[in-house]
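Undergrad: Listed below are the residues making up each chain.
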Amino acid sequence: MGFENIKGQKIAIQMLKNSIINNHLSHAYLFVGPEGVGKKATGLALAQALNCLNLDHGVVSCNNCISCRKIISGNHPDVEIIKPDGLSIKIDQVRNLRNKIFYKCYESKYKVIILNDAHFLTIEAANGLLKVMEEPPENTVFILVTSEPQQLPDTILSRCQQVQFQALSSFIIKEILIAKYPDKEAQLSLIASLSRGSLVKAEELIREGELLSKRSETINVLKKIFDISVSELAFWCEKWDKDKQSIKTIFELMQFWYRDLLVWRTTGQEDILINQDFLVDIKKSRHTLLDINNILSSINKSRKYLDYNVNPRLVLEVFLMKIKLN
Amino acid sequence: MSYIALYRAFRPKEFSEVVGQEHISKTLKNALVNNRVAHAYLFCGPRGTGKTSSAKILAKAVNCLNLDQGEPCNECPNCLAINTGNFLDVFEIDAASNRGIDEIRDLRDKVKFAPSQGKTKVYIIDEVHMLTSEAFNALLKTLEEPPAHVLFVLATTEPQKIPLTILSRCQRFDFRKISTKEIREHLMEIVRKEGITVSDNALNVIARKAAGGMRDAISILDQCIAFAGNSIDCEHVEKVLGTLGEEQILEMSQAIVEGDIGSVISKINESLQAGKDVKQIVRDLIEYFRQVMLLKLSQSEELITISPEMLSKAKEQVHKLSTSFLGHVILKLTEVERELRWSSQPQILLEAGLVEVILKINSDQEGMIINGRTTSEPEVKEKINQITKKQEQSMPVRAGIPVNFSEIKRKWPEILDKVKQNKITTHAFLIAAEPVNIDEQGCLILNFKEGHKFHRDKIFQHENRQLVEMAIKEVLGMEIKLTYTKEEEETNNNSTQNSSALDKALQLFGGKIVEIKD
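Respectively, the protein sequence lines represent chains S and H. Just so you know, we're using the working numbering here: the first sequence kicks off at 6 and counts up by one. Just so you know, we're using the working numbering here: the second sequence kicks off at 910 and counts up by one.
Honestly, the hints are just simulated from the structure, not real lab data. There's no promise every hint is true.
Quick list of in silico lysine-lysine cross-link-like pairs, DSSO-like style, CA-CA up to 27 Å [claimed, not checked]:
1. H/1269 / S/12
2. H/938 / H/922
3. S/306 / H/1224
4. H/1318 / S/306
5. H/938 / S/329
6. S/327 / S/289
7. H/1318 / S/329
8. S/45 / S/12
9. H/1421 / S/327
10. H/922 / S/309
11. S/249 / S/206
12. H/1070 / S/228
13. H/1413 / H/1382
14. H/1070 / S/95
15. S/219 / S/105
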């Protein structure tokens, strides 16, 4: 996969290409952007562009030479990919890396080090990187990939060139999905808008059809929340309560719903809604703007409780009761 | 030869080139001239302010063969060797990856030997805050009385993590953040040397974004050069950084100020579709409102870093806004920014946050938000009318619903407040009551506490009653009549009956009444 296969990241790709063409390659990049929009793929594409043997126009990798093929299959000796070992990237991994960096390249021109999920660097590991990242040996490129740059220390951030990756527009996601799953075309535009810009999430949605049905359940409950009985609410809570993750998903779905109400109420634009197939119900909702706003901040709070390990079922029930009784 | 990042190429080579740290450069130079160099220094300060660079310059200065007024010559063999990094007596140690006691023991053993090439052995221990506490303690004795030919320079961004025993053995120098102005000037210098044209505005944006770190600034400049080539203007910088353009910021802030929720939300969606980052949008808005606040509060324009074109428009906004409004917006946006860390749906958070800001403005009305002096009253009223109309239009179902009791109950404190504002005595009577329900005619039933008959009678006097009903109307936008529970009287009767039974019992059996409290 070269740069040409990465969709929707024009500025980022343009910048990297220009850096190569203008011979202005930095020794450390930080790829920042939401999950699943092509950061890692871009990292590999950069590695290819730097090491390809039959480079076209200075930046277009051939995907065919031995070097490209090795990178694609993940066994190029000069392209090092570091992933969190367990829950974090540990200082021993960084120490190993430091030792390797000072060897000459085995077969290609550039040594490329890709740190996936760099926000999982422990403090010790991050500090251990500082010196070598500031002044690495010649022809070494660090690529730190992260969706949460604010969790990295300032000292790391200041040593990297930050490359901003964007959430993909639902149009682009749909396009990619259609190419991949032509048989499911009918669902795809909905999935594209539910994925909120992340291709990885969109594919997850396709694989787990369950989520779509969960969404209609959630919306059906929410839209008649004032009419149904408390025991029915409890019934749904019980049904949804499988594990913490599934409750988190429910909260996310509810967030989408109330966000749609908010957006519809304030702008009246249909095209920026998420649950476009429920337009009629969105129009019918009788919450006031203030209510919606309160509910949204309450969802936010509830999600935080989940992170604090409060009993998920309780959080969900209390939240729904609050809306109902308000 | 491969390309070397600008911030490495432009690392200062002598004290005079270190930007913004004159207090340190001067002290060190004087120490060198007067031959009063200490044996241990601690350099601390935020990232990108020149700690490691100064340490390297100091290492050159103590080894330089023709020191001139405390500045290294950068020409003698020693200086050249240090510049290329192969001088035998300068050790740059990365304390973050050599943090254990064994590494320090090793260092201590080698300290004794005389320098092999220069005059002084210099140990630059960078990121020293990462040493383990054992390692720190092992260093203490050596640091206190090293051999005469040794100089230690410790550098760190986090001096608070260093044990006091180490701190007291070093001369401490605090590097300060570099001001936006100094960064801009230095960038101009680099741009000139590199033969690149960069627009003034672009430099401003870069300098502001760097927030006090020179390395950040040069890094961004480097990135812009990589992206745009030899001529850079504001647009390129915005693209590289993913910040909002000035135009967009102005439009968005204008919509916020005018309370136009719809256009705020569509603007956010537009920018996100154009690939801007939510966090960046929040930061840009905060920065802009901060600038507006500075404009409002201070007479001098020294602190203001927005471009002249924007300045004039910002000034227009300033007149319409009160300080408390600006404070509120900035606080709310900062809260949103903080919450963004935890949220998986940043966009929704931002949308909800801005709606809240605007709702707050609408409810606070003229006096608080919009300066009465500059905006004429009818205009304000019209605006409020518009807003309420819009809300009414948008919730047609709501208007038709009969009175909703839970809402009244929830808003009750507000109603009380309203009454208090109008007439404090009425408020005093009303606090004895609480709303219990709504009867079939749609009247609000009030329940008065036992023994508060007087209060009840007062509230239901014509004048007071009207006042309360007015307040309800203002808060809820609905006309509701008041009524009160009859129960109270009945219970009163009951209690009198009870008490008479008690009297009878007393008469019959005699004795005392004892109250039992648990």
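Undergrad: Next step is simple, just say for each hint if it's right about the structure.
TA: Taking the hints in turn, this is what the structure says about them:
{"no.": "1", "hint": "H/1269 / S/12", "result": "violated (41 Å)"}
{"no.": "2", "hint": "H/938 / H/922", "result": "holds (14 Å)"}
{"no.": "3", "hint": "S/306 / H/1224", "result": "violated (38 Å)"}
{"no.": "4", "hint": "H/1318 / S/306", "result": "holds (23 Å)"}
{"no.": "5", "hint": "H/938 / S/329", "result": "violated (72 Å)"}
{"no.": "6", "hint": "S/327 / S/289", "result": "holds (21 Å)"}
{"no.": "7", "hint": "H/1318 / S/329", "result": "holds (15 Å)"}
{"no.": "8", "hint": "S/45 / S/12", "result": "holds (13 Å)"}
{"no.": "9", "hint": "H/1421 / S/327", "result": "violated (50 Å)"}
{"no.": "10", "hint": "H/922 / S/309", "result": "violated (50 Å)"}
{"no.": "11", "hint": "S/249 / S/206", "result": "holds (18 Å)"}
{"no.": "12", "hint": "H/1070 / S/228", "result": "violated (54 Å)"}
{"no.": "13", "hint": "H/1413 / H/1382", "result": "violated (51 Å)"}
{"no.": "14", "hint": "H/1070 / S/95", "result": "holds (21 Å)"}
{"no.": "15", "hint": "S/219 / S/105", "result": "violated (49 Å)"}
Consistency note: the structure conflicts with the earlier hints numbered 1, 3, 5, 9, 10, 12, 13, 15.
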